[in-house]
Amino acid sequence: MRLKTFKGGIHPNDSKELTKNVPVVPHIPTETIIIPMRQHIGAPCEPVVQIGDEVLMGQKIGDSEAFVSAPVHSSVSGTVVDIKMYPHPGGGESKCVVIQNDFNDTLYPDIKPWNLDVSSKNIKNFVANIQSKEIVDKVREAGIVGMGGAAFPLHVKLTPPKDNPIDTVILNGAECEPYLTSDHRAMLENPLQIVIGSLLIKKAVGASRIVIAIENNKPDAIKVLQEVSSDFEEVEIGILKTKYPQGSEKQIINAVTGRQVPSGGLPSAVGVLVSNVDTASSVAKAVVMNLPLIERNVTVSGDAVMNPSNFKVRTGVTFASLFEAAGGFKVEPKKIIMGGPMMGIPQVTLNVPVIKGVSGVLAFSEPETFGKEEGICIKCGKCVDACPMRLMPNALSMFAENSDVEKLKKYHVLDCMECGSCSFICPQRRFMVQHIKKAKALVKNS
Amino acid sequence: MSNLIVSYAPHIRSAKSTKQLMADVIIALIPALVASVYFFGLPALVHTVVCVLSCVFFEWIWERAFKLPSTIGDLSAIITGILVAFNMPVSAPYWLGITGSAFAIIVVKMFFGGLGSNFVNPALAGRAFMLLCWPVLMTKWTVPDFTMSFVTDAVSTATPLGVLAESGQMPYSYLSLFLGNIGGCIGEVSALAILIGFVYLLIRKVITWRIPVIYVLTVFVLTEILGGDGLYYILSGGLMLGAVFMATDYVTSPMSATGHIIYAVGLGVLTVVIRMFGSLPEGVSYSILLMNIVTPLIDTYTKNRIYGKPKTGGKSHE
Ligand code: SF4
Ligand code: SF4
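Sequence lines, in order, name chains A and B. Mapping the first sequence onto numbering that gives the first Met the number 0, position 318 (from 1) lands on 317, and the numbers just tick up by one. Mapping the second sequence onto numbering that gives the first Met the number 0, position 4 (from 1) lands on 3, and the numbers just tick up by one.
Worth flagging that the hints you see were computed from the coordinates, not collected in a lab. Don't take every hint at face value.
[Claimed, not checked] Covered stretches of chain A (chain B as the covering partner; in silico rule of three or more C-beta atoms under 8 angstroms from a C-beta of chain B):
| id | segment |
| --- | --- |
| 1 | 339–350 |
| 2 | 390–401 |
| 3 | 408–418 |
Every residue, glycine too, gets a C-beta built ideally from N, C-alpha and C.
Build the full structure now, drawing on both the sequences and the hints.
In C-alpha cells:
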C-alpha cells in the first residue's frame, strides 16, 4: 500500500519505545484539584460555582457565553475551597477553581453508565437515529476540545460555515511528536470508542468519508483499528509515512486528501475536519454517557523519569503528582515540558495542573543537544528542505534579525506554524523558531 | 528544582552539527588521499598536511587579529586545506600551497565574514589564484611513480585532457583513468577513490546525489552529442573531485532541489564548453566558480511553492 505523506519534514529519533508497550493505568487523583478556567483556544470561562459549594464529579464549574469557548467541569467530587489566579502550564496565570477532593467520586446525576450494546448493527442504528444537533450540543456541554494539543473547541469545528460543506473527517492518529504514546495507547485500548466517535462526528457534519490516519511506526494500532472498523464501509484506515510533523493539521490533510488549506484559511475551506483519535473517543463518551471531558491519557516520559508511563489522568492534578506516580526522578530534571519535545512548552514549576490539551509531560536531565550559541547561516539548505510549509526559514530568520518587516511579509512569515523542523535540522544550531516568533509579532504589530 | 531551564521549542536537535558534517566530509576525502599517496608518493601527503596547517593557521590568526570568536572548531578550514592541496600538481613547491591557502582563507573566506558569507568556494578560488600567478608551476605534471621518496623527480608528463586538447589522442585506458594511474592534480586522479567518498557522503546524508550525478551526466551526454568520448571525459581531469567535493559546497551551491538541478546542468554545460571550445584543457574549476557566482540568482528563482499557495490564482484544492 502506498504510504501517504507530505513534502518536507524531518526524522527525529522517536524515543517512543520508553512507553509504547506500557498499558494505561489510572492515576489516583490528589487531594487538591486545580481546574483552570482557560483550557482551550477562545474565551476563558467564568466560574459558575462559589467558594464553599459542594460539587460532583462531572459537574460544570465554569462556562462562557462566547461561541468559541468550552465549559469546564470538576474532575472529582468535593468542596470548592478557593477561586484564585494560579500558574498555568501554557504560560502565565489563569483563574482556577480549587476543589478539595472527598475521594468519593460521586457522579453528577446526568452521567449514565455506558449502555450502548457494541454490536456493529446496534451502533449503526444508534448513529442513524441521533440528530446532528444533539451531537453538537452534547459535545459542547461536555467541553470537548482538540486533545492533540491545540485545544480548539470541537463544537466550533462541528458547526462549519454553510458554504463550506465537509466531505471528509480525518481522525488524527499520527502522533508524530517524539516520546508521546498516549494516542497510540488509546487506539490499542479503546479502538471501538474511537470508531463510534468518528461516526458521530461524521454524522454531525454530514460528511461521507472517514479516514483514520496512523503513522506506519504503529503497526499494532493499524491492525486493531482495521479489524474494529471492518464492519463500517465509510471508515478507512490511512497509513502515513512516519515523519514529523505528519500529525500537523495542514500536513495530514495534504497527505490524506491531496488538498492544501489556503494560507490563512481553516480546514473547512477544503471540506475537511481533522480531529484527534482520543478526542473522538471523548465524543463517544459524551454522547452515550453524557460524560464531560474530565480525564485523558497522558504520557509521562523523558530520560529523568524513573518509570516512564501512560496514565489515565483527571484534569486538575499537578504535574508533580504525575511524576511521583511514575516513580519520581532518577536524576535531577533540568527541563520539564508539556507536550512533545518539538513543540512543547517548557515549565517553570511542577505545580501546574493538567488541562484538556496535555498529551504528555516530559522531564529531561540534560537539555539534550542545546547549543547556547548559534552560528551564522552556512546556506546548506537543510531547513529549506525540511520546512513542511515550504517557506525559506533561513531567509526568515535573517530578516527577523534585521527586523525587515517588508521582506518578512513577502516571504510569508505568518504561514509558519512553528513546527520547529528548521531549528531541529540546522547544523549551525540557529534559533530559527525563536527568530520567527519574534518576526511574527513584528509583522502583526506593524 | 528551582532552576528549570526555559528555552524555546524545539527541545531536541538533530545529531548533525556543522562540525559533524564537516568531519564526515574529511573522512570521505581520505580514500582520495590514500590513492594520491599511492600514486604520487609521500610528497602528496606532505602537500596536504602543509595546506591543512596553513589554512587552519590563517583562519586562527585572522580571528585573533580581529578579536573574533574562533571558528576553527567547525573543521571547515581543514577541508579547504585538503582541497587546495588536491588541486595542485605534486611537483609544485610547498610554498605554493601555503600561498594558495592564504588566498583561499584570508581573501576569499575571512574577508567576507567567514564560513557562510563567502560567495565562491575558497579552495577553488585559491587554485584559480595559483594558476593565474604561477601557471608554469601549476601545470607541471609528473608520471605517477611508486617510490616512497620525499623528492619527486619532475619527469614531465601530460594530463589526459592536456594530451587530448593538444593532439586529439587518448593515451590512457579507461581502467587507468578509473583507478588513477594517470597524470593530474594530487587529489583528482582516482575516480574510484572519489566515488568511495561520494558513497560515504550519501550514506551519511551529508549531501544529496543531485549535484554530482546530474553534473557528471550532463558532461557525459553533452560530450557524446558533440562527438567526443563521454566516458573518457568524465573520468579525466578534476571532474569527479569537483562534482563530489566542490560543487556540493553548502555555502556556494543553491538550496532547493530545483536549484540543484539548474546549477548542476549549468556546471556540465560550462565544463564541456570550456574543455571543447576554450583554450584551456580543463574546465571544472572555472565552471564551478562561475556557477558559484550565479547561485544567489538561482536561489531567488527556485523557491519552493509555499503550502496553500496555488501556482496560479485559482482555487488550491482539486
Ligand atoms: S517552524 Fe516554521 S519555518 Fe520552521 S520548518 Fe516549521 S513551518 Fe517552516
Ligand atoms: S539549516 Fe541553518 S545553516 Fe542551513 S540554510 Fe538553514 S539556517 Fe542556514
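Hint-by-hint comparison with the structure:
Given a C-beta distance limit of less than 8 angstroms, the hint that chain B covers the segment 339–350 of chain A holds, as 10 residues qualify and 3 suffice. Counting residues of the segment 390–401 of chain A whose beta-carbon sits less than 8 angstroms from any beta-carbon of chain B gives 3, enough to reach three: the coverage restraint holds. With 3 residues having a Cβ less than 8 angstroms from any Cβ of chain B, the segment 408–418 of chain A passes the three-residue criterion, so the hint holds.
Every hint from the earlier list agrees with this structure, and none is contradicted.
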